[in-house]
Amino acid sequence: EVQLLESGGGLEQPGRSLRLSCTVSGFTFTNYAMTWVRQAPGKGLQWVAGIASGGGSTYYADSVKGRFTISRDNSKNTLFLQMNSLRAEDTALYYCARNDFGGNWFFDYWGQGTLVTVSS
Amino acid sequence: DIQMTQSPSTLSASVGDRVTITCRASQSVSTWLAWYQQKPGKAPKLLIYTASTLESGVPSRFSGSGSGTEFTLTISSLQPDDFAIYYCQQYWSYSYTFGQGTKLEIK
Numbered sequence: 001e002v003q004l005l006e007s008g009g010g011l012e013q014p015g016r017s018l019r020l021s022c023t024v025s026g027f028t029f030t031n032y033a034m035t036w037v038r039q040a041p042g043k044g045l046q047w048v049a050g051i052a053s054g055g056g057s058t059y060y061a062d063s064v065k066g067r068f069t070i071s072r073d074n075s076k077n078t079l080f081l082q083m084n085s086l087r088a089e090d091t092a093l094y095y096c097a098r099n100d101f102g103g104n105w106f107f108d109y110w111g112q113g114t115l116v117t118v119s120s
Numbered sequence: 001d002i003q004m005t006q007s008p009s010t011l012s013a014s015v016g017d018r019v020t021i022t023c024r025a026s027q028s029v030s031t032w033l034a035w036y037q038q039k040p041g042k043a044p045k046l047l048i049y050t051a052s053t054l055e056s057g058v059p060s061r062f063s064g065s066g067s068g069t070e071f072t073l074t075i076s077s078l079q080p081d082d083f084a085i086y087y088c089q090q091y092w093s094y095s096y097t098f099g100q101g102t103k104l105e106i107k
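As you go down the protein sequences, you meet chains A and B in turn. Numbering-wise (this note's numbering), the first sequence opens with residue 1 and increments by one. Numbering-wise (this note's numbering), the second sequence opens with residue 1 and increments by one.
In short, the hints are calculated from the structure, not lab data. Among the hints, erroneous ones may be present.
[Claimed, not checked] According to the in silico footprint, chain B covers these stretches of chain A (three or more CB under 8 Å from chain B): (1) 44-58; (2) 100-106.
[Claimed, not checked] Which chain A residues face chain B? A few, computed with CB under 7 Å, are given here: (3) F29; (4) A61; (5) W110; (6) Q112.
Keep in mind the model is a prediction, meaning the values are calculated, not measured. Ideal Cβ placement from N, Cα and C applies to all residues, glycine included.
Could you put the whole structure together from the sequences, leaning on the hints where they help?
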């Protein structure tokens, strides 16, 4: 059974940092690109960042470029999102999601999300 | 960035109804379009990709069509489990944008 489990969310002040993790099981992690998608409270979905299966290529939404870093540890089946210089508008539920096996940027499995709240 | 616009924003319908949700892209995305269903407090669930391919395990009452800039998601006969929010998403180009969502509610 495919499972994705996010952790690391919480309440943080503007300008500070948080590191999210997503531990996966039930599939060969190294075969899949992975993605972070966020959802602000009561709002829609926003693609945040993605990483190729080998980790060599990363992609970011303009709103987080230069502040967030996506990475992965294929030996530990874990995806990360390092979030620096946090802003109030980063407040959201952050989902990790698995890209389609063909490497396309749609998402066939999602975790349950970890909540990030940025507030002083 | 490609903008995705769904209509309607809210749709009221009854069990057994046939319903259609429309998604329009600000420029052509070919058939690189997916549909997701999200229930309260849950993660999104993939329903359809490449505009019309049904994800494994998704009931056949769901169908998708379209290409270019206009797409539709149709539910042929609404079931109680189908009341949720539906999102389209283009994956033709960065930044893989989602529509704003269509809330399907019970009439």
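**OP:** Determine which of the earlier numbered hints do not hold for this structure and return their numbers in increasing order.
**Re:** 3
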